[in-house]
Amino acid sequence: MNVLSAAGPIVPDSGGNVLLIVLLLLPLVGSLVMYPLRGNVALAKGVAMAVALLELVLVVLAWVGYDTAAAADGTRFQLEFSASWIPAFGTHIAFGVDGIALVMIALTAFLVPILMLFAWAEKLPEGRTASGYFGLLLATQAMLVGVFAATDVFLFYVFFEAMLIPMYFLIGRFGGPNRQYAAVKFFLYSLLGGLIMLASLIGLFVVSGERLGQGTFTWAELQTMAATVPTSTQIWLFLGFFVAFAIKAPLFPFHTWLPDAGAEAPIVGAVLLVGVLDKVATFGFLRYCLPLFPAASQALAPLVLTLAVVGIIYAALLAVGQTDMSRFVSYTSIAHFGFIALGIFAFSSQAFAGATLYMVNHGLSTGMLFLMVGMLITRGGSRKIADYGGVAKLAPLLAGCLLVAGMSSLALPGTNSFVSEFLVLVGSFPNAPVFTIVATVGIIFAALYVLWFYQRTMQGPVRGDAVTAALERAGAGGPGAMTDPGIAAKRAGTGFADLGRREIAVVTPLIVAIVVLGFFPAPLLDVINPSVTATMQEVGLADPVPVGGTAR
Amino acid sequence: MTTTLPALSALAQEAQPAVGEATGTASLAWLLFALPAAGALVLFLTGRRSDRWGHWLGLLTVVASFVIGLLIFLETVGLAPGERTRELALYSWIGSGSLNVDFGLRLDPLSLTFVLLITGVGSLIHLYSVGYMSHDPGRRRFFAQLNLFVAAMLVLVLANNFVLLYLGWEGVGLASYLLIGFYQDRPAAATAAKKAFLMNRVGDVGLALAIFLLWLELGTTQYNEVFGRIGEVPSGTVLAVTLLLLLGACGKSGQFPLQSWLPDAMEGPTPVSALIHAATMVTAGVYLIARTNPIYDLTETGRLVVALIGVVTLLIGAIIGCAYDDIKKVLAYSTVSQIGYMILAVGLGPAGYALGIFHLLTHGFFKAGLFLGAGSVMHAMNDDVDMRRFGGLWRKMPVTFVTFGLGYLALIGFPFLSGYFSKDAIIEAAFAQEGWQGWVFGGAAALAAGLTAFYMTRLMFMTFFGERRWEKVPAHNGEAYHPHESPATMTVPMIVLAFGSVGAGAALYPVLPEWLAPTVGELRELEGGALPHAVVPWLVVGLSALGVLAGYLFVGRRPVPVERPERVSLPVRAARADLYANAINESVVERPGTWLTRILVYFDNRGVDGAVNGIAAGLGGSSGRLRRLQTGFVRSYALSMLGGSVLIVAAMLAVRFA
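Here the protein sequences come in this chain order: A and B. The numbers in my numbering rise by one with no breaks, and the one at position 178 of the first sequence is 178. In short: position in the second sequence from 1, add 1000, done, that's my numbering.
By construction, these hints were calculated from the structure, which means they are not laboratory data. These numbers come from a predicted model, not from an experiment. All residues carry an ideal CB built from backbone N, CA and C; glycine is no exception. It is possible that part of the hints are untrue.
Claimed, not checked - Heads up, incomplete: computed chain B residues facing chain A, CB under 10 Å, no partners named:
(1) Ser1096
(2) Arg1141
(3) Arg1201
(4) Ala1208
(5) Gly1593
(6) Leu1647
Stated by the list, open to error - Okay, the calculated bits of chain B under chain A, using three or more residues with CB under 8 Å as the criterion:
(7) 1154–1167
(8) 1170–1182
(9) 1194–1200
(10) 1352–1366
(11) 1595–1607
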């Protein structure tokens, strides 16, 4: 397939492609290297960035090496690697990607260098160095590669829990004033979910022992067995996984840890947390809940759909009522997760593909929204919405970029998010019309929270404590400044600066991705679609047939 | 309207034109929207560097679009009517499973008509804006957004499927949002922009759900297949689809009950009001219904609702238009009312589709001209819009006066000017309906024609005739008024549009229905109904003359007070309050919504999160108590082990024998 697969299969009849291992180890090693480099922050940052960029290049290689034709012909995983781990438990160090995992790994690799660039000159809490900061980013990335690439359920569980650790430290050491509370809440809540999943995992192993004669954690074997497991057993096992994922996603009513974590985490941590880490849950729905427990998934779908749709409306209304910018973005995300869950539990190719694409697009749009909020906080030093006003007058470029992120968040056609939201809704409608109608009404609220946020912070006359304080610090205050702040800002030069070059470099790739994927989603859809078809078959479902013209 | 449903259905199927592939000049159709889009992109990306030449680039791209549109139009005219519907697939946009949405264009008489309207009027208004915005530091941004609008609007009308239509549909919504909020440091502008976007989104939900329903029923979003196979869909669903599409149309076109954003949209610069909120974007709802005519053909109930919405709106607009003193708001409500006529027309089905489009075109000319004239007046009057401060301006700005006056005559339906042909045709068709519908539709439309004449005459007298009230009071910005004629970049577009106001009706009347026939079907002239065709023009002209006379008596003959009189009759007060539409919105939607979000925030913090923290605190407390169980005595551990074993055995037995 490519040069990196020279190692040959380690386990007979399985792949021996080391590319995924490299993708996992590279950022892990990079993060470890940060420790000896802590004395030389500039070098540490350079090395970290080099590692992140190299990772991106390797992911591009993996993308090129991924054969969509083979995936369409039924090859479930590619770039496979497998080695026996604990033979007594039948666990393997087994990696492989389908299109869904591949796009998530690619999203991570795309975001990390951007986040590093954003964090390049960030003011860190007392006594913290950028080497630790960047190291934790790389460690999180490594865990994410592991969790998406694992094809052994136990290995998946290990990474699922392990990724909490760097994120815990990112929040707890580099976060806002209330970071300890948020970090512990995040950790305990996730751990609780993880432990419930562990119980299910053991149950799954036992069931596989009964059905197959020998217990296994290998995903493919468990999947083949799935249809034969009685529905009642499936439901119990499903619930264990489901609770873990519903907390992680999070779905209503398990969501309250996210606004705290999202608000207290440093911006880059929040982007990774909300943009990628939470998607492990929706990824888990698609990879584990549906194919391993197909009957249970269908039986419990109305429950999940209800939670999803309640979440869409509920979180959107809460987003409208927020006074803190980071909490605002967190609540918008909870609403978006509702759309993803809707797509996954509506069981059609379009809805699945839409949900998967939504995971990527939400990472881009919410990532950018968080970054723009971060740029505001850098300037004003406050997270409160009321502390900002009329910023468009002072920093038009910043305002424009925020608007692009907002338009992507409300899924305006022409941005990336529209394609995914449309696919989710159009794909869900035939199977779940009532839920889809409610979710569609949710797009009005999406417009409301985005535009109202924009109006409060960007439009109208220059106002707000954070803005006026920044202007005064720069000597632009004093008489007459408020009547013509534009001139005042110019007089001061740096009162409330517009985007600098580094910041432009941060937002440019995101804006390009948002617009290009809005008009040309095919590169992503081509990779996603075959895996979506495979998932449909694993659940044992066919797409709903158009009802017009049939039997009438 | 007595034709039975199956017959109409068969007719709709057979009326679907054969679709050819776009070749020749038509294969360049993608340039139509790509050029303005590229213009917008360049202007956004180059930033201040293009401040000096950006507006010329903006103008150039739209003019180039117009030229290409004209070439394609001429090429199409050369084809036989049956071959005039052509499609151009550009690439596959969204594909998953059996869903495939093309980025594909449909070039047919309807879309080409719109292309010429959008790029033609668009070019004129771009030219006008060069002068109008010359003192504005944000001129480049303005042209970027105006270009974006033209591109999105062209995508809207050129799309060959519903999803791409939706892209253009929300794209023009974005452009409209940006341009209404162009003066974004004004809170009123920001609020109006947000309101416009939100009310449009309410309509968009309808459009989206209609698309989902069609997908559910037919498994496609392409016009071709939907229109060809719509007869397979059960009539209840067809009705639902038409009502959902109508909701979309109401949002975009400012129709009842979503009309109240359009007058607020006048916060935008006046060229925007002319192009977006008069001539093109707000007519997209009419386009949508005309475009989906094969669906509306199948449901008499659906068409009836459309016509009723049109009638209600044309009355609302005309009544409120009589009460305002703000020159742009009067024109805005006039637009609401005139689009009501168009919606009424397309609601009449095969007897009205072509008439709706006809009025849309003539209205595009004269209303754009009127708005540009209003902008010219504002330009001369320190950006003030209060007509009570105007008066006697005809001598100061003769070109504006003459062109505006021609637009005025066209709008009130002065014989043989544009509006006379297009509006009368609609009123005639409305009176030709059978039963109560003829009387109600026709009567309302004729009455509103009289009201139109009244409010426009009032506007003319307050602005151009009578006492020069601006000599007595300072402007709102404190300076004195120095009215003057506008520069040539502004007057030339006004003059061109004035020619359209005069001649478009007479020129299009004989040819337009036939030209549109391949898309919207033959225009069916109904006989009988409430009033015969021969009577209606006299009635309408008579009512309009009454309106003019009333306008003269109310404001032409009497001095107009500079301050607005507050002791006025109840109807005037109601009209000044937009017939309480905003008050209803506020008390039914806004205030309960605000309370709901507050309650939910409280509930989430105290209820949901409170429960989580409560559980955590409870666990902490009980673990403290549990700790005391670890006594260190082996005997107590042995006891608990025994207890545990017993429980396990009991459980196993229970599982086995239960």
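Evaluated hints:
Taking 10 Å as the C-beta cut-off, the interface hint given for B/Ser1096 holds, the closest approach to chain A being about 4 Å. Taking 10 Å as the C-beta contact cut-off toward chain A, the hint placing B/Arg1141 at the interface holds, the least distance being around 8 Å. For the restraint placing B/Arg1201 at the interface with chain A, the shortest Cβ-Cβ distance is roughly 5 Å, inside the 10 Å limit, so the hint holds. Interface hint status for B/Ala1208: upheld, as the beta-carbon distance to the closest one in chain A is roughly 6 Å, under 10 Å.
With a least beta-carbon distance of about 8 Å to chain A, the hint placing B/Gly1593 at the interface is held under the 10 Å criterion. Given the 10 Å rule on beta carbons, the hint for B/Leu1647 is violated: about 18 Å separates it from the nearest Cβ of chain A. Taking a C-beta to C-beta cut-off of 8 Å, the segment 1154–1167 of chain B contributes 3 residues in contact with chain A, enough for the three needed, and the coverage statement holds. Check on the segment 1170–1182 of chain B: 5 of its residues sit with their Cβ under 8 Å from a Cβ of chain A, so the three-residue criterion for coverage holds.
Judged by the Cβ-Cβ criterion of 8 Å, the segment 1194–1200 of chain B is covered by chain A as claimed, because 3 of its residues qualify and three suffice. Given a C-beta distance limit of less than 8 Å, the hint that chain A covers the segment 1352–1366 of chain B is violated, as 0 residues qualify and 3 are needed. Coverage of the segment 1595–1607 of chain B by chain A holds [criterion: at least 3 residues with CB-CB distance below 8 Å; count 6].
The structure shown violates the earlier hints numbered 6 and 10.
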